[in-house]
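**Student:** Using the sequences and the hints given, assemble the complete structure.
If you read the sequences in order, they're chains A and B. Position one of the first sequence corresponds to residue 1 (this note's numbering), numbered consecutively onward. Position one of the second sequence corresponds to residue 1 (this note's numbering), numbered consecutively onward.
Heads up, a few of these hints could be off.
[What the hints assert, rightly or not] Coverage of chain B stretches by chain A, computed from C-beta distances (three or more under 8 Å per stretch; other residues unrestricted):
hint, segment
1, 28-39
2, 42-56
3, 73-85
4, 167-173
5, 246-255
6, 272-283
7, 379-386
Hints in this document: simulated from the structure, not taken from any laboratory. The structure presented is a predicted model; accordingly, all values stated were derived computationally and were not measured. Yeah, the Cβ is synthetic: ideal placement off N, Cα and C, and Gly gets one too.
2 protein chains.
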Amino acid sequence: MKDFFKLISSSDFVSLFAGFTPLEQETIPLAKALSRVLAEDIISSEALPPFSRSTMDGYAVRAADTFGCSESETALLTLIGEVAMGTSGQAFALRPGQAVRIWTGGELPQKADGVVMVEYTQPFDQETVAVYRPVAPGENVIRAGEDYAPGAAVLMRGRRLRPQDLGVLSGLGITSVPVFRQPRVAILSTGDELVPADQLPPPGKIRDINSTTLAALVDEAGGLPIPYGICDDDLDSILAVCNKALATADILLLSGGSSVGRRDFTLEVFKALPQTEIMVHGVSVRPGKPTILARQGNKALFGLPGHVASALVVFHLFVRPLLRQYSGLGVTLGLQTIRAITEQQIPSAIGREEYVRVRVTPQEKGGLPLASPVYGKSGLLSPLVRADGLLPIDRDSEGLDRGTESTVILFP
Amino acid sequence: MKDFFKLISSSDFVSLFAGFTPLEQETIPLAKALSRVLAEDIISSEALPPFSRSTMDGYAVRAADTFGCSESETALLTLIGEVAMGTSGQAFALRPGQAVRIWTGGELPQKADGVVMVEYTQPFDQETVAVYRPVAPGENVIRAGEDYAPGAAVLMRGRRLRPQDLGVLSGLGITSVPVFRQPRVAILSTGDELVPADQLPPPGKIRDINSTTLAALVDEAGGLPIPYGICDDDLDSILAVCNKALATADILLLSGGSSVGRRDFTLEVFKALPQTEIMVHGVSVRPGKPTILARQGNKALFGLPGHVASALVVFHLFVRPLLRQYSGLGVTLGLQTIRAITEQQIPSAIGREEYVRVRVTPQEKGGLPLASPVYGKSGLLSPLVRADGLLPIDRDSEGLDRGTESTVILFP
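**Tutor:** Following this line, the structure appears as structure tokens:
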């Protein structure tokens with residue numbers, strides 16, 4: 001007997017992902033850590049910078065020695081040496097009335113608390129410098145630990161690492177970092193009609209588009225695609241590949257099930273897998289209705305629509321948030337959204353959330369950009385190539401009038 | 001004698017990049033082509049899809065045979081077979097009154113011009129199907145070449161390839177693509193005070209932060225970083241490394257020149273390199289003033305500020321657009337910008353464009369997000385870690401009042 005499943009809403013679908021736990025952590029070299037997600041808080045074990053540094057070329061002084069000086073009444077300070085770059089400034093200790101030549105980044109001498117820029121000085125004689133502008137204590141100096149003191153929380157678990165974050169870690173001598181493992185995503189296209197992209201299809205067959213598209217989507221979203229190629233519509237063969245894939249993968253993407261027969265077949269495959277529970281069978285989203293989600297422990301199995309244009313939308317709406325959850329970023333879309341104005345009326349069917357492919361063009365006179373629908377049958381790929389993103393229309397709306405301000409989810 | 005250079009504006013700086021030409025092209029496998037930039041137009045040499053396909057499970061018919069049918073007056077059509085998936089539908093030729101069973105994605109028989117969904121049919125007897133809803137010609141069918149006809153322009157030179165683009169290419173059997181070569185960027189930190197990030201710095205020395213940060217910035221912007229480590233402030237040593245680096249690199253990033261002495265030293269290095277012309281020596285931007293640009297043929301040499309916080313801003317404003325020009329994307333910033341409202345007054349100095357580090361927070365009541373400055377000395381890295389982007393203030397402005405709508409350039 002055929003099971004009846006209730007179509008669920010996209011928000012109910014996404015909320016299921018909170019039940020999946022982030023992947024285990026691994027330690028990787030800092031140089032490979034861009035865009036990876038921290039699995040532990042990073043606490044500074046030392047001061048950054050490690051010593052008080054000059055931010056200017058000039059003279060390290062006791063600031064009080066310069067108070068009140070001016071062009072007409074210079075402060076004459078005795079030069080007791082120079083802090084050459086990379087040498088210890090602390091080797092010097094300033095007594096009142098003394099100064100030390102210093103360069104940008106150089107370590108301040110003991111008792112020095114300010115740096116006079118070279119522009120505000122004149123050599124007086126071999127051992128004396130004339131200062132004609134006072135400095136305040138701390139002026140032109142970065143104090144030891146002013147960036148990060150020992151024990152400071154530097155970067156927190158769940159943070160996606162940016163170039164400046166890697167810079168801080170290198171400054172603190174942290175050259176390997178604990179991050180969440182990247183999700184491994186097995187990709188399998190099913191269908192007797194498919195041939196690999198590098199083959200000339202015989203009559204009635206076409207090249208597999210989904211494998212390439214899904215691998216690129218996974219890659220872009222920070223996952224590791226594992227291609228399993230094409231499998232004929234044969235239960236035992238598909239089960240064998242799925243079992244093999246699930247031995248290592250965190251997510252299995254099975255595509256090819258747009259058709260009623262195929263969709264039921266995907267369901268049959270998922271039900272025949274060990275310890276696998278069907279969680280979603282149909283979602284009230286267009287395109288994307290025939291989507292299936294199953295779960296095997298902490299692994300997720302998706303039955304994606306066979307039309308790649310629909311599969312791409314389902315990937316962005318549902319696969320991507322789970323990839324982010326696995327990666328430690330939480331259940332989030334992770335796509336840029338903008339506000340735009342509809343350039344024409346966009347009709348929509350009541351009862352289903354609709355994700356309309358749109359082009360976004362800036363308005364010449366400024367203001368919000370214009371969103372124009374890119375129409376085309378759902379099986380066509382060219383509208384997706386022409387589109388910049390998706391404009392969601394909620395299930396209770398019959399559509400949007402021309403000139404309506406809306407959100408557009410931009411394709412990455 | 002010291003040369004005097006005029007500080008140039010950021011727009012004059014960027015406009016210099018139009019004089020650099022995109023790198024030569026290379027052909028790479030489709031599976032590696034995500035985010036790469038096409039170096040040639042792609043013209044379809046065949047039709048996609050290669051044949052007319054059903055978009056539904058149902059019956060391929062001559063649409064005219066269904067005209068006028070209804071639930072009370074069904075059209076009875078003679079079943080002459082089934083197009084099994086992956087077999088040739090053209091093996092069948094429909095005569096008037098005939099139908100063929102077909103599945104989603106199946107090839108239409110000869111003379112068929114529509115597909116009746118299975119939901120609108122009833123089996124009548126073994127050889128006959130009753131249709132109770134008419135279809136229009138072309139209904140539930142994607143025509144051969146409806147996505148791309150032979151000879152159609154599919155994707156144009158200069159396009160950054162997205163997942164759906166790769167999908168189309170795989171559908172057309174194009175499994176290797178001509179793209180612009182990725183720019184190679186040599187990164188060299190100079191300074192007697194620097195030690196590598198994995199070493200404990202002795203007194204007066206600090207770890208090299210710039211190498212790690214710049215490599216990540218290059219990586220993120222689509223270039224290939226080539227680390228050359230740290231070089232002491234010695235003209236001959238630096239010249240030797242620069243010559244070696246420029247033998248293979250397209251861009252050389254020399255950092256360490258915030259200080260007046262160092263800046264002049266970088267200039268000396270660039271002038272001592274063969275066939276090298278100084279193009280920029282100082283830019284009226286804060287932070288970033290001490291930036292130097294030189295040119296050796298089609299290669300670019302940057303002298304970056306030694307403060308990594310300034311170097312990062314210069315990278316985004318000036319190195320990134322050149323990377324994009326080399327990559328075939330044109331002289332563009334390539335960073336997301338949003339509109340935001342200043343949360344507090346932000347003062348700025350007349351005469352210099354200022355790029356203020358800001359945090360961006362959504363407003364609870366909706367509307368534009370708020371931008372709050374993240375202050376801190378220019379040598380500090382922690383403000384960059386806390387900031388989401390840069391808010392530009394033009395050179396003729398004394399600052400922005402609280403509540404001013406502004407552009408924010410978001411960090412990638």
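**Student:** For every hint, state whether the structure bears it out.
**Tutor:** Hint-by-hint comparison with the structure:
1. Given a C-beta distance limit of less than 8 Å, the hint that chain A covers the segment 28-39 of chain B holds, as 4 residues qualify and 3 suffice.
2. Here the segment 42-56 of chain B counts 7 residues with a CB under 8 Å from a CB of chain A, which clears the bar of 3, and the coverage holds.
3. As drawn, the segment 73-85 of chain B meets chain A at 3 residues by the rule of a beta-carbon pair under 8 Å; at three or more, the given contact holds.
4. Proximity of the segment 167-173 of chain B to chain A, defined as three or more residues with a beta carbon under 8 Å from a beta carbon of that chain, is established by the 7 residues found.
5. A count of 0 residues in the segment 246-255 of chain B with a Cβ less than 8 Å from any Cβ of chain A is obtained; the coverage claim is therefore unmet, three being the minimum.
6. Remark: the segment 272-283 of chain B is not confirmed as covered by chain A, as 0 of its residues place a Cβ nearer than 8 Å to a Cβ of that chain, below the required three.
7. With 6 residues having a Cβ less than 8 Å from any Cβ of chain A, the segment 379-386 of chain B passes the three-residue criterion, so the hint holds.
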